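> Next come the chains, spelled out residue by residue.
There are 2 protein chains.
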Amino acid sequence: MANPEILSLLLQCHGRFVSGQEMATALGVSRTSIWKEVNSLRSRGFIIEASSRKGYLLTGCPDILDPTIVRFGLNTERMGREILCYQEVASTNALAREIAETAIDGTVVLSEEQTVGRGRMDRGWSSPPGGIWMSLILKPRIHPMLAPRINICAGIALATSIKDLFGLNARIKWPNDILIRDRKVSGILTEVGADMDRLRYAIVGWGINANVDIEALHPDWNATSLQAELGHSVDRSELIRSILEEMEGFTRDLTDEFRPVLDRWRSLSATLGRDVRIITHEGDIIGRAVDVDDKGALLTELPSGEMRQIMAGDCIHLRGLDCFLDGRER
Amino acid sequence: MANPEILSLLLQCHGRFVSGQEMATALGVSRTSIWKEVNSLRSRGFIIEASSRKGYLLTGCPDILDPTIVRFGLNTERMGREILCYQEVASTNALAREIAETAIDGTVVLSEEQTVGRGRMDRGWSSPPGGIWMSLILKPRIHPMLAPRINICAGIALATSIKDLFGLNARIKWPNDILIRDRKVSGILTEVGADMDRLRYAIVGWGINANVDIEALHPDWNATSLQAELGHSVDRSELIRSILEEMEGFTRDLTDEFRPVLDRWRSLSATLGRDVRIITHEGDIIGRAVDVDDKGALLTELPSGEMRQIMAGDCIHLRGLDCFLDGRER
Numbered sequence: 001m002a003n004p005e006i007l008s009l010l011l012q013c014h015g016r017f018v019s020g021q022e023m024a025t026a027l028g029v030s031r032t033s034i035w036k037e038v039n040s041l042r043s044r045g046f047i048i049e050a051s052s053r054k055g056y057l058l059t060g061c062p063d064i065l066d067p068t069i070v071r072f073g074l075n076t077e078r079m080g081r082e083i084l085c086y087q088e089v090a091s092t093n094a095l096a097r098e099i100a101e102t103a104i105d106g107t108v109v110l111s112e113e114q115t116v117g118r119g120r121m122d123r124g125w126s127s128p129p130g131g132i133w134m135s136l137i138l139k140p141r142i143h144p145m146l147a148p149r150i151n152i153c154a155g156i157a158l159a160t161s162i163k164d165l166f167g168l169n170a171r172i173k174w175p176n177d178i179l180i181r182d183r184k185v186s187g188i189l190t191e192v193g194a195d196m197d198r199l200r201y202a203i204v205g206w207g208i209n210a211n212v213d214i215e216a217l218h219p220d221w222n223a224t225s226l227q228a229e230l231g232h233s234v235d236r237s238e239l240i241r242s243i244l245e246e247m248e249g250f251t252r253d254l255t256d257e258f259r260p261v262l263d264r265w266r267s268l269s270a271t272l273g274r275d276v277r278i279i280t281h282e283g284d285i286i287g288r289a290v291d292v293d294d295k296g297a298l299l300t301e302l303p304s305g306e307m308r309q310i311m312a313g314d315c316i317h318l319r320g321l322d323c324f325l326d327g328r329e330r
Numbered sequence: 001m002a003n004p005e006i007l008s009l010l011l012q013c014h015g016r017f018v019s020g021q022e023m024a025t026a027l028g029v030s031r032t033s034i035w036k037e038v039n040s041l042r043s044r045g046f047i048i049e050a051s052s053r054k055g056y057l058l059t060g061c062p063d064i065l066d067p068t069i070v071r072f073g074l075n076t077e078r079m080g081r082e083i084l085c086y087q088e089v090a091s092t093n094a095l096a097r098e099i100a101e102t103a104i105d106g107t108v109v110l111s112e113e114q115t116v117g118r119g120r121m122d123r124g125w126s127s128p129p130g131g132i133w134m135s136l137i138l139k140p141r142i143h144p145m146l147a148p149r150i151n152i153c154a155g156i157a158l159a160t161s162i163k164d165l166f167g168l169n170a171r172i173k174w175p176n177d178i179l180i181r182d183r184k185v186s187g188i189l190t191e192v193g194a195d196m197d198r199l200r201y202a203i204v205g206w207g208i209n210a211n212v213d214i215e216a217l218h219p220d221w222n223a224t225s226l227q228a229e230l231g232h233s234v235d236r237s238e239l240i241r242s243i244l245e246e247m248e249g250f251t252r253d254l255t256d257e258f259r260p261v262l263d264r265w266r267s268l269s270a271t272l273g274r275d276v277r278i279i280t281h282e283g284d285i286i287g288r289a290v291d292v293d294d295k296g297a298l299l300t301e302l303p304s305g306e307m308r309q310i311m312a313g314d315c316i317h318l319r320g321l322d323c324f325l326d327g328r329e330r
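Protein sequences appear in the order of chains A and B.
The working numbering puts the first residue of the first sequence at 1, with every later residue one more than the last.
The working numbering puts the first residue of the second sequence at 1, with every later residue one more than the last.
Because the hints were derived from the structure by calculation, they are not lab data.
Because the structure is a prediction, the values reported are computed rather than measured.
Accuracy of the hints is not assured; some may be wrong.
Each pair may be met inside one copy or between any two copies, as identical chains are not told apart.
What the hints assert, rightly or not - As a list, the in silico SDA-like pairs of lysine to any residue whose alpha-carbon atoms are at most 20 Å apart: (1) Lys139 / Arg123; (2) Lys139 / Thr280; (3) Lys295 / Glu101; (4) Lys139 / Asp122; (5) Lys184 / Glu113; (6) Lys295 / His143; (7) Lys139 / Ala312; (8) Lys139 / Val18; (9) Lys139 / Glu282; (10) Lys295 / Ile142; (11) Lys139 / Arg319; (12) Lys163 / Ser242; (13) Lys139 / Gly119; (14) Lys163 / Pro129.
Let's have the full structure, built from the sequences with the hints guiding it.
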């Protein structure tokens, strides 16, 4: 782990040299300590120019997850007040769950790899290096009935960030996958701990195929990565900051009128207006996805015209098949 | 901890002597081992008669919480498959939370005392010896939206058990206190761990003033105990068995039609039909409690005639005061 203060100073002096003496004075350490720490940062992949006259200049950061880098330029009050970065964990959500009772609101857990990444319904999830495996612990004072709103915000925050930063047309597939060109670039798993009348915590877990080789992902999944879509790697820390900033805005008051948020979800949806097959515990439902409500349920019009509120299930987007005609003719 | 097999055998032979040889053969140990274990049970307060001709006879059990005693005569399939008894824990709900992810459905956690008992809204809860401080871990495959049903069942299960076993008129005060003669004999704290589309676990915590000296309870609370109401102590294990049996019946299929359960709640309610003041985050609400819904919300008629669905709050039963008149006249 790099000395966060020296790294922070070098980041703040972006574009200009800072002398070893200036750093030593600012941090209350010797110039030799500075020199040692600079070398330690270099060994982690940071590119730092040194000039005996002018001092040190940070010219490049490695593609690593580091609290100091993530926090640098992060424009939030609550999100990311605590940022924990790991090389490898079983799953960031599991780790977040362990610390959730005592963690502060806005705590972020990041890991370069997950050994037991988990998707919805306890399915496996590939978590190779280069991805963003991130969990955010939130402790809003709300009734647990409002928790689905956090999950809805999590999808919007990521899709919006990908659009804004990289210009990719990211869309939300119900309930909460993020697609680019109909391929999955991220899954979101939100968990809660709650009393009956009070949310104790929510944990939003994003698994984002950022700088991931598509070959490293599960071959059965129709997956893509930001790197594959763009043809180059992305600044993962920048994406993380953007997600946290979006989440802070969205979750400021979850008891507020939720219609504007739902409107944003609708505008980003890959599912609404499409014919879908939804696999539920009670069997398959085929119909047209019409709307989403503030519980995150999908409102689906069956071929009979009946409207169905679907709380949970796996959604398959049907292609080139009009289920309405289909339903009538067979 | 007593040897559960020897205790179990003595319990099964209730009312008749069982020879040391018979026990030794049944359990595959020596007669000396049996003799040692019998003495060990005696040192824990079990009263065991011994006759050199006839063998051993259990004539009395101490008032302790022991898995073998609780399980003896327990008529359930799921509830109590695992029973963990402690002398002292911080809180049985906290311990249950720690083991919930790996625990089996129906696991029970019991403790003679709690050092940090917790009520609703993180309030303190007195947990002196003689009470029943119990948590039940449930893992039904349901949507988290249905979790409030478990909480509703927990109140009915306890009130019904107290009525049936002891003939006391136990009633449910919304949201989930159990009252006898308008004094609190138990509080219930239900917690959940959930994904957005699946309950991972629910933990029902009952704090029951069973054989508790009223003086040992918090003086500010209008509390009573079963012992105080009856004038004698109760068999705590019998009450625990009854609660578990009731819970098994109620929670067999939580997706079923819930109206019959709500009807039972209504018939046991101390709150419905009364004028109440409910302290909520958004301020106090005064009105008449009219009904409860399957989310556990209290439907309250305001003096204006408006109906209000109250999801969470502290309820005060008003006495000798007609809030409707009151509301109109001031």
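> If a hint holds in the structure, say so; if it does not, say that too.
Cross-check of the supplied hints:
no., hint, in the structure
1, Lys139 / Arg123, "between (26 Å within a copy, 18 Å between copies)"
2, Lys139 / Thr280, "between (30 Å within a copy, 19 Å between copies)"
3, Lys295 / Glu101, "neither (25 Å within a copy, 25 Å between copies)"
4, Lys139 / Asp122, "between (24 Å within a copy, 14 Å between copies)"
5, Lys184 / Glu113, "within (19 Å within a copy, 51 Å between copies)"
6, Lys295 / His143, "both (13 Å within a copy, 12 Å between copies)"
7, Lys139 / Ala312, "between (24 Å within a copy, 17 Å between copies)"
8, Lys139 / Val18, "neither (40 Å within a copy, 59 Å between copies)"
9, Lys139 / Glu282, "between (33 Å within a copy, 19 Å between copies)"
10, Lys295 / Ile142, "both (14 Å within a copy, 16 Å between copies)"
11, Lys139 / Arg319, "neither (40 Å within a copy, 37 Å between copies)"
12, Lys163 / Ser242, "within (11 Å within a copy, 58 Å between copies)"
13, Lys139 / Gly119, "between (22 Å within a copy, 19 Å between copies)"
14, Lys163 / Pro129, "neither (23 Å within a copy, 60 Å between copies)"
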